[in-house]
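Whenever a hint applies, use it, and build me the whole structure from the sequences.
Chains W and H are the protein sequences, given in the same order.
In terms of this note's numbering, the first sequence opens at residue -19 and continues consecutively.
In terms of this note's numbering, the second sequence opens at residue 7 and continues consecutively.
Hints were generated in silico from the structure; no laboratory data involved.
Please note that the accuracy of each hint is not assured.
[Claimed, not checked] Calculated pairs, BS3-like style, for lysine-lysine (alpha carbon to alpha carbon, straight line, at most 27 angstroms): (1) K106(H) - K37(W); (2) K11(H) - K60(H); (3) K106(H) - K51(W); (4) K60(H) - K106(H); (5) K11(H) - K37(W).
[What the hints assert, rightly or not] Ranges between beta-carbon positions, derived for each pair: (6) K74(H) - T18(W): 23 to 33 angstroms; (7) V77(W) - P15(H): 33 to 43 angstroms; (8) A76(H) - S42(W): 28 to 38 angstroms; (9) S80(H) - T18(W): 18 to 28 angstroms; (10) N31(W) - T51(H): 17 to 27 angstroms; (11) T(-18)(W) - Y45(H): 16 to 26 angstroms; (12) D65(H) - G78(W): 18 to 28 angstroms; (13) E24(W) - N73(H): 18 to 28 angstroms; (14) R44(W) - S75(H): 22 to 32 angstroms.
Note that the structure is a prediction, hence the values are computed from the model and not measured.
Even glycine gets a Cβ: it sits at the ideal position worked out from N, Cα and C.
Here is how the chains run, residue by residue.
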Amino acid sequence: DTGVSQNPRHKITKRGQNVTFRCDPISEHNRLYWYRQTLGQGPEFLTYFQNEAQLEKSRLLSDRFSAERPKGSFSTLEIQRTEQGDSAMYLCASSLVGTGEAFFGQGTRLTVV
Amino acid sequence: DQQVKQNSPSLSVQEGRISILNCDYTNSMFDYFLWYKKYPAEGPTFLISISSIKDKNEDGRFTVFLNKSAKHLSLHIVPSQPGDSAVYFCAASRSGGYQKVTFGTGTKLQVIP
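Next up, the structure:
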């Protein structure tokens, strides 16, 4: 399977714990995006990378959130001191610069209890 | 501030008939528009896109119409098939391609056999 891969698919954590998600994009794609989706809403942009550079971050991305793409390949999204409001589906997508579409992974569903 | 709006949360259509999904946007800087389809437990998949220099784009059974003066776009599916039953997201970008994309809240389409 050469699509976008996200791990884990599901994560249940206690409030206050840290969690980290991983995204492996399509190998030749130089752009990588993170989104958050809650029930009844569309995906909300969080941040994106071009190669290893983080080019933009949404105001939704509080100081508890950090994303990295250290070698311009896979990316990680870490949430520190999780809160119940962080419960959501976290989606990753990748694309080639200059193209008109991005390919999404299946997402990581986070539940904070 | 919902810049991309899909005012119909759901739509039911008979198999073989036309499905029309609507989307309105408020930001006049948007110049590239996309439709994504999402099945349960899967990430969104790209369906069709349109640049603001066009007013229509077709791909098989799917046609997207753009009315810039009204800041409105629509997706037509003809003929509708049961496999089209999914949530459809309208999305918009300011960069002429896929970059920081803003998604609508989605319309759940049910095609009745």
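Verification of the supplied hints:
1. For the hint pairing K106(H) with K37(W), the CA-to-CA distance comes to about 10 angstroms; that is within 27 angstroms, so the pair holds.
2. Of the pairs offered as hints, the one joining K11(H) and K60(H) holds, with about 21 angstroms between alpha carbons and a cut-off of 27 angstroms not exceeded.
3. Restraint check for K106(H) and K51(W): satisfied, since their Cα atoms lie roughly 22 angstroms apart, inside the 27 angstroms limit.
4. At most 27 angstroms may separate the alpha-carbon atoms for a hinted pair to count; K60(H) and K106(H) meet this at roughly 21 angstroms.
5. In summary, the hint linking K11(H) to K37(W) is supported, as the alpha carbons are separated by about 22 angstroms, within the 27 angstroms threshold.
6. Between K74(H) and T18(W) the C-beta distance comes to about 30 angstroms, which sits within the given range of 23 to 33 angstroms.
7. For V77(W) paired with P15(H), a C-beta distance near 35 angstroms keeps the hint of 33 to 43 angstroms intact.
8. Between A76(H) and S42(W) the beta carbons are some 36 angstroms apart, a value that agrees with the proposed interval 28 to 38 angstroms.
9. In this structure, S80(H) and T18(W) meet the distance hint of 18 to 28 angstroms, their C-beta atoms being roughly 26 angstroms apart.
10. Range check, N31(W) to T51(H): Cβ separation about 25 angstroms, and the 17 to 27 angstroms hint holds.
11. Checked against the hint of 16 to 26 angstroms, the pair T(-18)(W) and Y45(H) passes, with Cβ atoms roughly 20 angstroms apart.
12. Hint check: D65(H) to G78(W), Cβ distance near 20 angstroms, so the stated range 18 to 28 angstroms holds.
13. Against the hinted window of 18 to 28 angstroms, the Cβ-Cβ separation of E24(W) and N73(H) comes to about 26 angstroms, which satisfies the hint.
14. Distance hint check for R44(W) and S75(H): the Cβ-Cβ separation is about 43 angstroms, which falls outside the suggested range of 22 to 32 angstroms.
Violation of the numbered hints given earlier is confined to hint 14; every other hint is satisfied by the structure.
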